[in-house]
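So the protein lines, in turn, are chains A and B. Anchor point for the first sequence: position 122 equals 122 in my numbering, and the numbering is continuous, going up by one each time. Anchor point for the second sequence: position 40 equals 40 in my numbering, and the numbering is continuous, going up by one each time.
These aren't lab readings, by the way, just hints derived from the structure by calculation. Being a predicted model, the structure only gives us computed values, none of them experimental. Don't be surprised by glycine CBs; every beta carbon is placed ideally from N, CA and C. Treat the hints with caution; some may be incorrect.
[Said to hold, decoys possible] Under 7 angstroms between C-beta atoms, here's a sample of chain A residues computed to sit facing chain B:
hint: 1; residue: N115
hint: 2; residue: A116
hint: 3; residue: P117
hint: 4; residue: P135
hint: 5; residue: A161
hint: 6; residue: Q165
hint: 7; residue: V170
hint: 8; residue: I172
hint: 9; residue: A174
hint: 10; residue: P209
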Amino acid sequence: MLTSIALVLFIGSRGLTLFKTYSPADFFFGTSWNQTTHTYGVIPLLYGSLMTTFLTLLVSVPLAILVAIFMVEVAPGPIRRVMRSTVELFAALPSVIFGLLALTFIVPWVRVTFNAPLGKGILPAAIVLIFMVQPTIVTITEDAVRNAASSLREASHAVGATRWQMLSGVIIPASRQGILTAVILGLGRAVGETMAVQMVIGNITVRIPKTLTEGATTMPAAIVTQLPEAADPQTRSALIMVGFLLLVIAFGLILAVRTVSGRSGKSTKPVKSEMPSQ
Amino acid sequence: MNSNQTNGSATPSAKYVLEVDRLNVHYGRFLAVRDIELNIERNKVTALIGPSGCGKSTVLRSINRMNDLVDAARIDGQVRFHGKNIYDADVDAAEVRRRIGMVFQKPNPFPKSIYDNIAWGVRVNGVKKNMDDIVEQALRGAALWDEVKDKLKQSGLSLSGGQQQRLCIARAIAIRPDIILMDEPASALDPIATLRIEELMTNLVKEYTIIIVTHNMQQAARISDYTGFFSVTPDRTGYLEEFGPTKQVFTSPTSQITEDYITGRFG
Chain A
1 MLTSIALVLF IGSRGLTLFK TYSPADFFFG TSWNQTTHTY GVIPLLYGSL
51 MTTFLTLLVS VPLAILVAIF MVEVAPGPIR RVMRSTVELF AALPSVIFGL
101 LALTFIVPWV RVTFNAPLGK GILPAAIVLI FMVQPTIVTI TEDAVRNAAS
151 SLREASHAVG ATRWQMLSGV IIPASRQGIL TAVILGLGRA VGETMAVQMV
201 IGNITVRIPK TLTEGATTMP AAIVTQLPEA ADPQTRSALI MVGFLLLVIA
251 FGLILAVRTV SGRSGKSTKP VKSEMPSQ
Chain B
1 MNSNQTNGSA TPSAKYVLEV DRLNVHYGRF LAVRDIELNI ERNKVTALIG
51 PSGCGKSTVL RSINRMNDLV DAARIDGQVR FHGKNIYDAD VDAAEVRRRI
101 GMVFQKPNPF PKSIYDNIAW GVRVNGVKKN MDDIVEQALR GAALWDEVKD
151 KLKQSGLSLS GGQQQRLCIA RAIAIRPDII LMDEPASALD PIATLRIEEL
201 MTNLVKEYTI IIVTHNMQQA ARISDYTGFF SVTPDRTGYL EEFGPTKQVF
251 TSPTSQITED YITGRFG
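Sequences are here, hints too, so could you generate the full structure?
Now the structure itself:
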């Protein structure tokens, strides 16, 4: 806790030096980022980050819940083991490999399907992120669902519930805390992922993209592509300020998710069930 | 499932609500219980007792098809409920479990409010009307109403162990089953909570038929009308050694093994 406060303070103090020479309003509301003209509007970066994260979670959370339920409730043992190894493999892939795969498969597909000249942009970035956050979200969601199922499966069946009624009425609500944790960790990865996103998003910082298939950028991608070329101190502090904003946003999103789900979530330490005594 | 089936093997018996007929249960290749014959009388408490690993719970869980949830379980023989074999292909397991409720060893309320713990089970069975009355009746039936009537919105998990178990009983009776199966319902409770559950059972049996598995022989002697004593063969297969009116089984057992067990010589 103390470390994270120190971290935020350090980055914040370095980044805030930007505002000695640059207006905060132009930073926060500027719609173009161009270091050759010393324009540091953060909106294109912010938009890219939030949009990729939103699209990623929009698909990957429901998908992960379905996969987790399939693994716990439907898949027979051998299939479950294969699925789990696959998930683990995905978790272990370096992000540059995801980027390479995305450049090879997703970007050409976007180019053809959406008739986009480059094929780079927010859409391919979100698609690759879906694959990247899936292992985290699936693993944790599966644990939560399995835990809830082990203690509540019999209780649900004993009142004559069908499998679907049990899943939707008892197991998923009871797994809420675990699913939430999974979402937060997935969110963290989606917001912060740099390498793979940087490889497929096009890295256009000078304007807000109008479509999901034209060049865009995210906050981390902008930092990593621009910092090596940042000759003057002002650009450097502007990029550090972006990093600070990224931190604040990541914390803010996590808090938001917690608040939203905490409102209805006054429960549930799953009671560990026991095997039948026979 | 209704009671006037035309199935040839079904001979509905007014006296016996449930007949277990040559029941064999395998877990994988392991024969857990063999040749169980058991007739359960309406509005009576039938206790199943015996040493650990003798198959009492296996038999109990075969009565409402709870063993269906165990992948490796295989059931041979019949369990006839109102004359109809519940393992027939045309029988819906969920419907069986609605008619034959169950209370488990460890209290397992849903992580929902006290109200919803009862209402959910009722709702999944298609009943939506008069829910407040149904919940109240069920809680009264389980002797829990006075303790929880002011906090129905609180989580069922906020109750004490004994209250949780009574909540589970309320949940079971809310859907008006014919039979309630109880798998050592008091083994996780303190003596006072246990006593309350036992009192409750003597009330419930006026309306329901109860089959209880218990390790506690005093409990079986106190509350049951009939007792089945299970034992195990050397290769760990359970079987029913003796079955009869509780008084007879406890005072003049016909089998030496039963006598040894109930007088505390083994087990």
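Here is what the structure says about each hint:
1. At about 49 angstroms, the closest approach between the beta carbon of A/N115 and any beta carbon in chain B exceeds 7 angstroms, and the interface hint on this residue is violated.
2. Annotation: interface hint on A/A116 violated; nearest CB of chain B at approximately 47 angstroms, more than 7 angstroms.
3. The criterion of a C-beta within 7 angstroms of any C-beta in chain B is not met by A/P117, whose closest approach is roughly 52 angstroms, and the hint is violated.
4. Because the beta carbon of A/P135 sits about 27 angstroms from the nearest beta carbon in chain B, more than 7 angstroms, this interface hint is broken.
5. Proximity of A/A161 to chain B holds as hinted, the smallest CB-CB distance being about 5 angstroms (cut-off 7 angstroms).
6. The beta carbon of A/Q165 is positioned within 7 angstroms of a beta carbon in chain B (closest approach about 5 angstroms), and the interface hint is therefore held.
7. With its C-beta approaching chain B no nearer than about 5 angstroms, A/V170 sits inside the 7 angstroms limit, and its interface hint holds.
8. Because the closest C-beta pair between A/I172 and chain B is about 11 angstroms apart, greater than 7 angstroms, the hint is violated.
9. About 5 angstroms separates the beta-carbon of A/A174 from the nearest beta-carbon of chain B, less than 7 angstroms, and the hint is met.
10. A least Cβ separation of about 44 angstroms between A/P209 and chain B goes past the 7 angstroms threshold, and the interface hint is therefore violated.
Comparing the model with each earlier hint shows violations of hints 1, 2, 3, 4, 8 and 10; every other hint is respected.
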